[in-house]
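From first to last, the protein sequence lines are chains A and B.
Position 163 of the first sequence, counted from 1, bears residue number 163 in the numbering used here, the numbering being contiguous throughout.
Position 54 of the second sequence, counted from 1, bears residue number 54 in the numbering used here, the numbering being contiguous throughout.
It should be emphasised that the hints constitute simulated quantities derived from the structure, not laboratory data.
All C-beta atoms, glycine included, are put in the ideal place defined by N, C-alpha and C.
Honestly, I wouldn't trust all of these hints.
Quick list of simulated restraints, FRET-style, between CB atoms [stated by the list, open to error]:
1. P37(B) - K107(A): 47 to 57 Å
2. W73(B) - K2(A): 16 to 26 Å
3. W73(B) - P12(A): 34 to 44 Å
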Amino acid sequence: MKQKEFIATVLPFKDKLYRLAKRILVSGDEADDAVQEVYLKLWKGRNKISNYKNPEAFAVTMTKNYCLDRLKSKQASNLKIVHNNFQTSENVERKIEANDGVQLVFKIMETLPEQQRIVLQLRDVEQFEFAEIAKMLDSNETAVRVNLSRARKTVREELIKKHNYGIS
Amino acid sequence: MELARIEKLLDAYFEGNTSLAEEETLRKYFSQNEVAPHLAAYKPMFDGLTLAKQEVSVKEIDLPQQQFKVKRWWYGVAASVVIAIGVAGFVFSEPKLSQEEQEALIAFQKTREAMQMMSQNFNEGAEELTYISTFTQTKNKILK
């Protein structure tokens, strides 16, 4: 597979991978590194990539696994970094900062368990079908729905709590 | 009626039982500036999720340059062809003689012809001599 062909195949979902990586790793820099690593791996296996029915789903799975590994190794070496920079693109940054409620939603999402964060990202942000998500996560649709429901409910509860305190 | 539908969709949403189309309806509803007051608390959630999708990666992907792969067997084929051409040229090409050499060759052939003619004449002459030897024999018979 030529470089041009490879890029045409895998570049359209670069931003999706980046957002997923950032949802898991929180830091934008870490997410950039993760995406770079995933693309290198895809590049090395580029002759096989055309065999996969869905390169995007394959890349999402790779990104998820890579990011979870990163988290694990970081926790193992007690280097859990706490980043609050959930913004990279400047216009998005401004929009988030302009809205206390939205900012809060992003903060709440960071506190979710990883699996819930991933499911919420893939469904409510990237809008994948349940069947696709189940395949990406090597899980089943019921489990995906359960995780998603928990994630949504947690966000709702936290949001309503703050709302009732009159922050929003 | 519209509101009742949204409320119903919301309930299903939190149970994880909505389709993508239904979730789109919810996002659309909450993207309005005015939502029902008792649902206002949900607005940031849907706004946030919509906004999260607008985030893009600004860093370029750095791929290693693709190396130009020269297939090894090509070297062998190319070398064989060159050698074959060289040998064939050496074998099949006619030796080209210079003008001087050609003249020398013609002169040599003419000389040879002349020499052959001369030797032929000598041989004829030598045959004539056999008569003389016969004459000597007869003379000896008679004059013992």
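message: Is 16 to 26 Å respected by the C-beta to C-beta distance linking W73(B) and K2(A)?
response: Holds - the Cβ-Cβ distance for W73(B) and K2(A), about 22 Å, lies within 16 to 26 Å.
CB-CB spacing for K107(A) and P37(B) relative to the 47 to 57 Å hint: Check failed, 24 Å falls outside 47 to 57 Å.
- request: Mind checking the hinted window 34 to 44 Å against the Cβ distance between W73(B) and P12(A)?
  value: 38 Å, holds
Against the hints set out earlier in the document, a violation occurs for number 1 only.
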